[in-house]
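Line order of the protein sequences matches chains E and V. Numbered according to the working numbering, the first sequence spans residues 1 to 145. Numbered according to the working numbering, the second sequence spans residues 1001 to 1180.
Among these hints, one or two may not hold up.
To be verified - Computed cross-link-like contacts, PhoX-like style, restricted to lysine-lysine with a CA-CA straight-line distance of at most 25 angstroms:
#1 V:Lys1084 x V:Lys1013
#2 E:Lys51 x V:Lys1169
#3 V:Lys1156 x V:Lys1046
#4 E:Lys111 x V:Lys1032
#5 V:Lys1166 x V:Lys1046
#6 V:Lys1067 x E:Lys51
#7 E:Lys111 x V:Lys1084
#8 V:Lys1156 x V:Lys1169
#9 V:Lys1046 x V:Lys1032
#10 V:Lys1013 x E:Lys111
#11 V:Lys1166 x V:Lys1042
#12 V:Lys1169 x V:Lys1067
#13 V:Lys1067 x V:Lys1080
#14 V:Lys1042 x E:Lys111
#15 V:Lys1067 x V:Lys1042
#16 V:Lys1046 x V:Lys1169
#17 E:Lys36 x E:Lys51
#18 V:Lys1067 x E:Lys111
#19 V:Lys1156 x V:Lys1067
#20 V:Lys1013 x V:Lys1080
#21 V:Lys1156 x V:Lys1032
#22 V:Lys1166 x V:Lys1084
#23 V:Lys1156 x V:Lys1166
#24 E:Lys111 x V:Lys1080
What the hints assert, rightly or not - Below, a sample of chain V positions facing chain E; criterion: calculated Cβ distance under 10 angstroms:
#25 Gly1024
#26 Asp1070
#27 Lys1080
#28 Ile1081
Unchecked claim - Quick list of the computed label-pair ranges, beta carbon to beta carbon:
#29 V:Ala1099 x E:Arg129: 39 to 49 angstroms
#30 V:Thr1028 x E:Lys51: 34 to 44 angstroms
#31 E:Glu59 x V:Lys1169: 20 to 30 angstroms
The hints are simulated quantities; they were obtained by calculation from the structure and are not laboratory data. The structure displayed is predicted, hence computed values, not measured ones. Note that CB positions come from ideal geometry on N, CA and C, so glycine has one too.
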Amino acid sequence: MTIHNLYIFDRTGTCLHYSEWHRRRQAGIPKEEEFKLMFGMLFSLCSFVNKMSPTDMREGFVSFQTSRYRLHYLESPSGVRLVLNTDLGVSSARDALQHIYSNLFVELVVKNPLCPPRAPVQSELFRSRLDAFIRGLPFFAPRPS
Amino acid sequence: MSRQAGRGTENKKMNSELFTLTYGALVTQLCKDYENDEDVNKQLDKMGYNIGVRLIEDFLARSNVGKCHDFRETADVIAKIGFKMYLGITPSITNWSPAGDEFSLILENNPLVDFVELPDNHSSLIYSNLLCGVLRGALEMVQMAVDARFVQDTLKGDSVTEIRMKFIKRIEDNLPAGEE
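Isolated chain E (complex conformation) (with noise of 0.2 angstroms):
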């Protein structure tokens, strides 16, 4: 099983954070045009569930998989938005994600008064923990291939 990436958008769009570890594809455009092209697709997915939805949902879109990867993807209600590339193996990132807004991007980012809100986040603490949390995670190492 392996990580490929991860994403962290706020409400309107920007990209708090992006790192990534094992990820042999790149898409080919800048960085900038990769983080607005995977928001727009955000926005959209989240509003078509929740048009398309014939009941009322609880917690919205929350994974998509092709042939070869799966996206899973947690919001907050205050609209911040996780994104976590996995390969197929990997059911449900829920947990993981959970973890990282409320412990690692909480803790570390919003509450450390000298990360202004709305920006990329510049706070090597946060990499480095966040580095370490995935890491460690059971399903992090690539399997052989």
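Mind docking chain V on chain E? Use the hints.
Chain V in isolation, oriented as in the chain E frame:
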């Protein structure tokens, strides 16, 4: 891994007197810095707003509360979970407007004013106005524009302290301009 590993139950508790006294020092300093009480009220509200926009994330991470679907649910969450978590009190909710877009929080004992007596020359000072800013800032982050104001205050001789909350509108999510 639980959703709130290492958090939630073992919240760092601290003596609220330290908080109360620190707040008192802040208000005192603002009264020295500004000539009239209106400006102090404005500064307190602004500081509260800046606290609120950050506090909401901590609140959501710790309480696991999801989206509120109406203003009544919001009122309950504010009074029973929010105030309880941060100030250790549970205000009562009263005076709903017929349309359900306004209610009052009645604070039995406001911890901010534990040691305060307002001198006569600060009659228009809204001592705890920081709270209004916090409420406004926090709710704005969950897409609710509200107005919060003190309408009664025990410091001014009223029998209770009352914060009036008025729902203004839902803030809609929009795609950033120029993106399709």
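Hint-by-hint comparison with the structure:
no.	hint	result
1	V:Lys1084 x V:Lys1013	holds (12 angstroms)
2	E:Lys51 x V:Lys1169	holds (22 angstroms)
3	V:Lys1156 x V:Lys1046	holds (22 angstroms)
4	E:Lys111 x V:Lys1032	violated (29 angstroms)
5	V:Lys1166 x V:Lys1046	holds (18 angstroms)
6	V:Lys1067 x E:Lys51	holds (17 angstroms)
7	E:Lys111 x V:Lys1084	holds (20 angstroms)
8	V:Lys1156 x V:Lys1169	violated (31 angstroms)
9	V:Lys1046 x V:Lys1032	holds (17 angstroms)
10	V:Lys1013 x E:Lys111	holds (17 angstroms)
11	V:Lys1166 x V:Lys1042	holds (18 angstroms)
12	V:Lys1169 x V:Lys1067	holds (16 angstroms)
13	V:Lys1067 x V:Lys1080	holds (16 angstroms)
14	V:Lys1042 x E:Lys111	holds (24 angstroms)
15	V:Lys1067 x V:Lys1042	violated (30 angstroms)
16	V:Lys1046 x V:Lys1169	holds (20 angstroms)
17	E:Lys36 x E:Lys51	holds (22 angstroms)
18	V:Lys1067 x E:Lys111	holds (22 angstroms)
19	V:Lys1156 x V:Lys1067	violated (36 angstroms)
20	V:Lys1013 x V:Lys1080	holds (18 angstroms)
21	V:Lys1156 x V:Lys1032	holds (21 angstroms)
22	V:Lys1166 x V:Lys1084	holds (21 angstroms)
23	V:Lys1156 x V:Lys1166	holds (22 angstroms)
24	E:Lys111 x V:Lys1080	holds (23 angstroms)
25	Gly1024	violated (21 angstroms)
26	Asp1070	violated (14 angstroms)
27	Lys1080	violated (17 angstroms)
28	Ile1081	violated (13 angstroms)
29	V:Ala1099 x E:Arg129: 39 to 49 angstroms	holds (47 angstroms)
30	V:Thr1028 x E:Lys51: 34 to 44 angstroms	violated (54 angstroms)
31	E:Glu59 x V:Lys1169: 20 to 30 angstroms	holds (25 angstroms)
In this structure, the earlier hints numbered 4, 8, 15, 19, 25, 26, 27, 28, 30 are contradicted, and the remaining ones agree with it.
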